[in-house]
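Put together the whole structure using the sequences plus the hints.
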Amino acid sequence: MARPHRIEIPGGIYHIMSRGNAKAPVFTDDSDYIKFIDILAKSVAIHQWLCHAYCLMSNHYHLLIETPEANLSSGMHLLNGMYTQAFNKKHSRTGHVFEGRFKSIIVEKESYLLELARYILRNPVRAGVVESPEMYQWSSYNALAGRIPTPGFLHTDGIISFFGSLRHDALNACIDFVNNPSDPPSAIREHKQLILGSDAFVEKMKPYSEMIEPKQALPHRQFSERPDLKELFRDSKFTKSERNDLIAEAYLKFGYRQAEIARATGMNCSSISRIIDRRS
1 MARPHRIEIP GGIYHIMSRG NAKAPVFTDD SDYIKFIDIL AKSVAIHQWL
51 CHAYCLMSNH YHLLIETPEA NLSSGMHLLN GMYTQAFNKK HSRTGHVFEG
101 RFKSIIVEKE SYLLELARYI LRNPVRAGVV ESPEMYQWSS YNALAGRIPT
151 PGFLHTDGII SFFGSLRHDA LNACIDFVNN PSDPPSAIRE HKQLILGSDA
201 FVEKMKPYSE MIEPKQALPH RQFSERPDLK ELFRDSKFTK SERNDLIAEA
251 YLKFGYRQAE IARATGMNCS SISRIIDRRS
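Just so we're aligned: the sequence shown equals residues 1 to 280 in the numbering used here.
If you're looking for bench data, these hints aren't it; they were derived computationally from the structure.
What you are looking at is a predicted structure, and each value in this text was computed from that prediction instead of being measured.
Where is the CB? At the ideal position from N, CA and C, for every residue including glycine.
Just to be clear, a hint being listed does not mean it is correct.
Restricting the straight-line Cα-Cα distance to at most 25 Å, the calculated cross-link-like pairs of lysine-lysine (DSS-like) are [unchecked claim]: (1) K89 / K42; (2) K35 / K103; (3) K230 / K109; (4) K42 / K253; (5) K35 / K240; (6) K23 / K90; (7) K89 / K240; (8) K253 / K240; (9) K103 / K253; (10) K204 / K109; (11) K204 / K89; (12) K103 / K23; (13) K230 / K240; (14) K90 / K35; (15) K253 / K35; (16) K42 / K204; (17) K103 / K42; (18) K253 / K237; (19) K89 / K237; (20) K103 / K204; (21) K206 / K103; (22) K90 / K240; (23) K253 / K230; (24) K230 / K42; (25) K89 / K23; (26) K42 / K240; (27) K35 / K23; (28) K35 / K89; (29) K90 / K42.
Estimated spans, in silico, between C-beta atoms of each pair [to be verified]: (30) A259 / R147: 47 to 55 Å; (31) S132 / E242: 39 to 47 Å; (32) R167 / A41: 20 to 28 Å; (33) F177 / S241: 36 to 44 Å; (34) F162 / C269: 15 to 23 Å; (35) E231 / K109: 30 to 38 Å; (36) D30 / R226: 19 to 27 Å; (37) S111 / F238: 40 to 48 Å; (38) E203 / D38: 34 to 42 Å; (39) S198 / S161: 15 to 23 Å; (40) D38 / S161: 22 to 30 Å.
Laid out in C-alpha cells, this is it:
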C-alpha cells in the first residue's frame, strides 16, 4: 500500500509528533525527560537544525523544527533511535518505544509558525495537566518567556521576532499571545494534513508529496560536503558506544552505505546493520 512521501526540503519548518507504542508512556520520571532533551540537543547540533519549540508529555512529544538542510528523516532516526536505546537500557526492556513512523507536517512560516508554537506550548493546559503553560516543566515555554536560561539548542528568537524589533516589547507580546487561549485552527487540531499554509504554499509543496511505494528505494543522497570515512574513524581510542554512534551518524547523516562503513571500520556488514537498526 502506498504512503505519502516524507517532504524534506532545505529551510523546511515542521511540526513533529511521536507517540509511545500502544500509547504507553515514553517518559516515566524526570531522568527520562532530561535524557530526551539531552539527545534532542545533540540531534539539533549534529543536523544543524533550529528548534523553535518543544513539549514533552508522558506518552508523546511535539517539536517545532526548522531544517536548513533537507535532513529531517536522518535527524529523527537519530533522535528516536538513541532515545529508544537509552530508555530500553534503563528500564531493562526491548522492542519499540515509539509507535510507527513519526508524524511530520511541513508548515508555511508566515501562516502557521506562531499558531503551532502556541498549540505546542499550550498542550499541557489542554490536557488538564496544568492551569497555565508556565507551570509545566517539560516544554520550552519558560525559556521562551525568559523565566529560565535558554538552552543552547533552542532558537527562541525565531518566534519572538514576529512581534517586533524591540526585544522587551516583542517578548511581552509573545507571552501574551501564547497565554491567549484562543482555539487553534481545525487543521492544526486534526493533524491530518501533510502541508499547512496558504494555497500558494500548498501548491508549491505538492510535487514533494507524491505517493511512493513503502519499499521503493530512494535515490542515494548526494553530499557535497561530508567527512572522509577514514577521518571519521581515525581515533582508535573510541569506546564501543562512541564508535557505534559514529557508525549511525555515518549512515544516517552522511549517507555512507553499510558496506563502505564496514570496510572503514574493519567490521562485517551484519554487525554494522545491527548497530544502525538499534539507532533507527
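Outcome of the hint check:
1. K89 / K42: holds (19 Å)
2. K35 / K103: At roughly 21 Å apart (the allowed maximum being 25 Å), K103 and K35 satisfy the hint.
3. K230 / K109: violated (40 Å)
4. K42 / K253: holds (13 Å)
5. K35 / K240: Roughly 20 Å separates the two Cα atoms, so the pair holds.
6. K23 / K90: Cα-Cα ~19 Å, so holds.
7. K89 / K240: holds (15 Å)
8. K253 / K240: holds (19 Å)
9. K103 / K253: It holds: about 20 Å lies between the C-alpha atoms, which stays within 25 Å.
10. K204 / K109: holds (14 Å)
11. K204 / K89: violated (43 Å)
12. K103 / K23: holds (15 Å)
13. K230 / K240: Judged against 25 Å, a Cα distance of about 17 Å means the pair holds.
14. K90 / K35: holds (11 Å)
15. K253 / K35: holds (21 Å)
16. K42 / K204: violated (32 Å)
17. K103 / K42: Holds. K103 to K42 sits at ~21 Å (cutoff 25 Å).
18. K253 / K237: holds (22 Å)
19. K89 / K237: holds (24 Å)
20. K103 / K204: Judged against 25 Å, a Cα distance of about 20 Å means the pair holds.
21. K206 / K103: Distance of about 17 Å is within 25 Å: holds.
22. K90 / K240: OK: K90 and K240 at ~18 Å, within 25 Å.
23. K253 / K230: OK: K253 and K230 at ~16 Å, within 25 Å.
24. K230 / K42: Answer holds: K230 to K42 is near 23 Å, not above 25 Å.
25. K89 / K23: holds (20 Å)
26. K42 / K240: With Cα atoms ~18 Å apart, K42 and K240 stay inside 25 Å; holds.
27. K35 / K23: holds (20 Å)
28. K35 / K89: holds (12 Å)
29. K90 / K42: Cα-Cα ~19 Å, so holds.
30. A259 / R147: 47 to 55 Å: Roughly 50 Å apart at Cβ, these two residues keep to the hinted range, so it holds.
31. S132 / E242: 39 to 47 Å: At 42 Å between Cβs, range holds.
32. R167 / A41: 20 to 28 Å: Holds, since R167 and A41 (Cβ atoms, about 24 Å apart) stay within the stated range.
33. F177 / S241: 36 to 44 Å: Since the Cβ atoms of F177 and S241 sit about 42 Å apart, the hinted range of 36 to 44 Å holds.
34. F162 / C269: 15 to 23 Å: violated (49 Å)
35. E231 / K109: 30 to 38 Å: holds (36 Å)
36. D30 / R226: 19 to 27 Å: Violated - the Cβ-Cβ distance for D30 and R226, about 37 Å, lies outside 19 to 27 Å.
37. S111 / F238: 40 to 48 Å: holds (46 Å)
38. E203 / D38: 34 to 42 Å: 40 Å Cβ-Cβ, so the 34 to 42 Å window holds.
39. S198 / S161: 15 to 23 Å: holds (20 Å)
40. D38 / S161: 22 to 30 Å: holds (27 Å)
Taken one by one, the earlier hints fail for this structure at numbers 3, 11, 16, 34 and 36, listed in ascending order.
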